[in-house]
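Given chain A, put chains B and C in place with the hints provided.
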Amino acid sequence: MLYREAGDFKTTYSLDQQTFPIRSERWLFWLFIAFAFLVVPFLINDYWNKAVLMPLLIYCMAALGLNILVGYCGQVSLGTGGFMAVGAFAAYKLMTSFPGMDMFSVTILSGVITAAVGVLFGLPSLRIKGFYLAVATLASQFFLVWMFNKFAWFYNYSASGQITAPERTIFGYAVTGPNTLPWATYLFSLTIVFVFAWVARNLTRGRLGRSWMAIRDMDIAAEIIGVSPLRAKLSAFAVSSFYIGMAGAMFFANYLGAAEVTEAFGIDKSFLVLFMVIIGGLGSILGSFLGAGFLVLLPVLLKNIMVNQLGWPTDLAAHIQIMLIGGLIVFFLIVEPHGLAQLWRITKEKLRLWPFPY
Amino acid sequence: MNVHLKPIHEIRMTRPDDGIAPGKPLLVVDNISLAFGGVKAITNISFDILKGEIRAIIGPNGAGKTSMLNVINGFYHPQEGTITFRGEKRSRMRPHVAAHQGIARTFQNIALFKGMSVLDNIMTGRITLQNRNLFWQALWRGPAEQEELEHREAVEHIIDFLEIEHIRKTPVGRLPYGLQKRVELGRALAAEPSLLLLDEPMAGMNLEEKEDMSRFILDVNQQFGTTIALIEHDMGVVMDLSDRVVVLDYGRKIGDGTPDEVRNNQDVIDAYLGVSHDE
Amino acid sequence: MSPALLNFIEIFMNGLMAGIMYSLVALGFVLIFKASGIFNFAQGVMALFAALTLVGLQTGQVPFSHLINAIFGTDIHNWGEGMNTVLAILLAMAIMVALAWAIERFVLKHLVNQEPIILFMATIGLAYFLEGLGDLMWGSDVKTLSVGLPSGGSFWWEDVTREWAAAGSEYFGMYIDLLDVSATVIAIILVTALTLFSQYTATGRALRAVADDHQAALSVGISLRTIWVIVWSIAGFVALVAGIMWGSKSGVQFSLSLIALKALPVLILGGFTSIPGAIVGGLIIGVGEKLAEAYVGPLVGGAIENWFAYVVALAFLLFRPQGLFGDKIIERI
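Residue numbers (the working numbering), protein chains in the order written: chain A, 1 to 358; chain B, 1001 to 1279; chain C, 2001 to 2333.
Pulled out of the complex, with its shape left as it was, chain A reads as follows (with noise of 0.2 angstroms):
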């Protein structure tokens, strides 16, 4: 009886509409929640905290951005790094010049001007599709990475073209600059993901979200039966970028503290956030955070085995690392195209019908 229905007794729409229609699964998840937030505070360590949780929460903000565009509207982008950067650029110059706004404002804010230069960008998706979408994506990556690079305005005239986020607090606890504890930078970023997570599902439930995969499924029949293409691809690409500017801004203000542009929001980082959303399932919100977690996870795990356990050096743990992961994106897409969140599916279907499959 521990993953069950007894049958399908819903008496009203919405209780046939909600998340987690089974009560186990519904428990299970309060009770993550719960743990995550008021059990790991009280274990987190500077190590935890730097290799593992924030990266995780980080990324799963900037998947769960790029899963809206891609997984959920059909446009693919390549533009994801240099989203990113507008957001921690966004997120330095609202902390330096508006010293007293407080860090919820910041990251919020610097996700509304991403999402405001995300439009701007995907102003092309109306007139082009598919492969050279992407490729035009390409282009805002490019220029935006250079753009923070030649024009010193963005980051202050510093001498080395760095960004360095200056000490600011929520309640009294500073959650970035150099005296940061890990568990408030962590509670902070957890708190923004929780919320945001939530925002994304009712997003895509609703009339909004249809247009979107109706635009990915069929954009002409979606067209002619109502769906106007430009507030579809553009409300995609907004709330898109609005998620990846705040992982970005996360990215540099709550984790990094000090950030270079090429170098921390290349064409890799663009290449890492799509493969997570393909891993973990394109057009599924828990698809973002499995893909999230696999690929923050699994180069922590081979690190672990090859470096500390094996003594191999690390370029070489590097390569093998890079292999592995462009081999597993294969491997997903053959064998499950709609990733880890349709094996989980799956998985649960079994679990209901267990022990009698038929």
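Careful, some of the hints might be misleading.
[Stated by the list, open to error] In silico DMTMM-like links for lysine to aspartate or glutamate, alpha-carbon gap of 25 angstroms or less:
1) B/K1051 / B/D1256
2) B/K1169 / A/E25
3) A/K348 / B/E1165
4) C/K2143 / A/D268
5) A/K10 / B/E1153
6) B/K1114 / A/D219
7) B/K1169 / C/E2115
8) B/K1114 / C/E2115
9) C/K2034 / C/E2293
10) C/K2143 / A/E263
11) A/K150 / C/E2305
12) C/K2109 / A/E336
13) A/K10 / B/E1145
14) C/K2249 / C/D2177
15) B/K1169 / A/D268
16) B/K1169 / A/E349
17) B/K1169 / A/E336
18) B/K1089 / B/D1018
19) B/K1040 / B/E1080
20) B/K1114 / A/E263
21) B/K1024 / B/D1240
22) A/K150 / C/E2158
23) B/K1210 / B/D1260
[As the list claims (entries may be wrong)] Facing chain B, according to a computed beta carbon distance under 10 angstroms, are these residues of chain A, among others:
24) T12
25) V199
26) A221
27) R231
28) L302
For the record, the hints were derived by calculation from the structure and aren't laboratory data.
For glycine and all other residues, C-beta sits at the position ideal for the given N, C-alpha and C.
Chains B and C only, in chain A's frame:
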């Protein structure tokens, strides 16, 4: 035996009435010509569709029937001629604007959203009737959820009407052809259109499925008062269902009238029997 | 002629020759896209991989030596003095064919009938895999590649062009890299050979048949899988040539695969299915980029070469979504 009769009354009319009295022209096509590059798809075609009628468009393959529907819902833009819908002459418009004005459509080659469930497909049909903004949608609880539930209820009536309750959560890609056609009709109905365009709704169906589909079409027309334009190859169906028929051949109109008139029209007979034109 | 004009000509010519290098990479993309509808993102990495393999063979490196050393605690690096360049090129080519076979066998075969975008993403995965594999086999240090092509500036050309300048003006002649000249010659030979191959051989005809219509080609008894292996082998060959040229020019290193990204705007200009398009597109991008860097770059802080090509391609797409040589797209429903 008409168990499906009741639900259709319960589909609420969300869209305001189109203000055209029954029997008056809902859509007037005037002197439309359409060409791709040098190839003429449609030449000087005029006809009208009256409010409340079932209007069939027939003709041999390549006669320009689908192109005509594409012109009506704004997907193709004719080089010449005008279209008047609900008394308003319209200029170049995007298809989604036509949809908002109340023109819904099914497709010759099924154009469902393959990654979505039956329910979501039909819900998408109501996209023109939903209007909660981004903020409410992000919040969900409150107005957005309420709107969603109202529309869900209306969609459930359509699902009942089309007798597809058992597959509502199935991804449409997994459904057999006949059911997909039915879901597509459901998606078009969900928009509560004033004018419903059906492009070969019965192509590839067996007799029983055709009978079901014919019954749905007649019910929609009679109970709901929806005006229907229909492309169909099955002459039996066309003659039984439609009030008036337009016949196209090589992009020109060669006949227009009641099924009986058209049946006895010499040009039409020639076109169908393949007699070459003398001129 | 005035020095300004001569300068312009010099930039233009260098642009043309840089463009040829882009075309070489773009050519590989086009071949695969035509035959299988796959947008092969890994083409650039294939060039890198081919070049790495060639250098490794030439210098007699032991493949996977780092891995072997790490596992067995040995210290092996080379197995000898290396081999003759021609032999190394032939062997590298054989490895590229084996790679094509492996890609068909382990990847493409399992992805038949998937949507193009899935295949596209699979090739991104493939690109990562190959990059890791190349580094693992041959190490990731920057290597110099020399296959005996002439390189360096041409003094003859410098002298000739100095004569052109108006008497008394300060002009010291044009710089032209011999390596670029040989690249141009090789590219011309390559394109001619490919054209002849596809026009006059049975395999070539089969390739064109498949490019036209998969189903129809299958129905007349052409084996799609064999064709794919052949096409990927040819693309591997083109990658090897591109790898040799790029590698001789700027060293064999990871950034080679990034340079290959520049082939993407070339494809957008020329269209995904047109070989002449790939050539012309490459030339336009090459020239445009060099001119922009020289005349627009200084106004905005320089280094615009990084993104200029993409923006040109983007602007172009907005006005002509079907590319230079493509047919107008009529959408149907």
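Subject >> Which numbered hints fail >> reply: Of the numbered hints, 9, 15, 20, 22, 28 do not hold.
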